[in-house]
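Chain A is fixed; fit chain B onto it per the hints.
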Amino acid sequence: MKDAFRLQDLDPRRLGKIFDQAFMEIAFDEDGDLVVCDEIEVLVRAYEEQDLIRYESSFGSSAAHLDVVSFINGFNRETNMVKAYVGEDKDEDGDWVVTFEYDVKVYPKETVSAATVVRVARDFAGAVRHGIAEVDDGTVFPGDDDA
Amino acid sequence: MRSLRGLDETPGTGEDGAPVARGRGTGRRPRLREEYTLAELDSAAISGILRRAYVDHRVEDDMVVIDGDFLHTVHVDPEVEVLRIGAVFASRAPFLDILAFVNRFNREVSLVKCYAEDDRDVDGDWRLVFELDHWAAPEGHVGAERIVKLVRQFPGIVHYGISEADRDRRVFPLAGDGEAEGIADE
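Those sequence lines, one after another, are chains A and B. In terms of the working numbering, the first sequence has 86 at position 86, counting the first letter as 1, and numbering is strictly consecutive. In terms of the working numbering, the second sequence has 110 at position 110, counting the first letter as 1, and numbering is strictly consecutive.
Relax, there's no trap hidden among the hints.
List time: in silico DSS-like cross-link candidates among lysine-lysine, alpha-carbon distance up to 27 Å:
hint: 1; chain 1: A; residue 1: K109; chain 2: A; residue 2: K17
hint: 2; chain 1: A; residue 1: K17; chain 2: A; residue 2: K105
hint: 3; chain 1: B; residue 1: K149; chain 2: A; residue 2: K105
hint: 4; chain 1: B; residue 1: K149; chain 2: A; residue 2: K109
What the hints contain is simulated information worked out from the structure, not anything from laboratory work.
Next comes chain A alone, as it looks inside the complex (with noise of 0.2 Å):
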């Protein structure tokens, strides 16, 4: 398999070939986009228009609001590369979903290596985990199967 792609050419399918070759776990969500299952699950999708990929987790928290905002605040003060933020409405379990995003530019000339999306994906579910870890006293997310 070629090393270098560019962006168009990392569909999910692609983006899934990359990660089974690295021996990842990979699943597809109802959208048809990839989901890597290591630490913790990672949704990688290409976004042609905006030259990016995307890193992305999600998790619920029935935490109040300001809590999950003051968590939201600490978490990118201390975390490198990764943010986070609160969607704008409860899910439909009555949680708030707190997202974990960090985007690769890459421009339309440029190319990005296999490595480099494997090893992202590996580092970005470590950075989630430990910012957690570092911030979150049990309050956002109480335990570790929450999270």
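Quick look at chain B alone, frame taken from chain A:
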């Protein structure tokens, strides 16, 4: 310190990095190094790259400072292996409004993140930090073109995010009138 070949020292290159005519038959444009490891990207190297791209800036305390629409800085944090472009704005809004703004900003924009410092500054203002982290570890290097493009994009992303996340101007009441200006000392 790494030699800035092609940026400062290559014969035939002017002060601003543009090639200088040297007579017929010798007019090959000096090749610039395109890729830099993070260790090589000290403030002098970043300054050389920006100078070549005609981005006005100055070097202060090992940081490259760009005084464009607002003050922002470019530097490498070797500990976490990122090239970081950052800006700091001050606001007197209530902290709850600031937290809401931070969340909206992070939800609305790509690439740049925002957070508020824990404590007020000496003027009694809250400090809002905007950062674009380019993680260089996976590739092991950063391209000069990428650095310039990210530096040029950063102010636009921050402006867009503020306009979207602060529509009622609770956090930056006079945004666009000079209120939301970057602070240089971050």
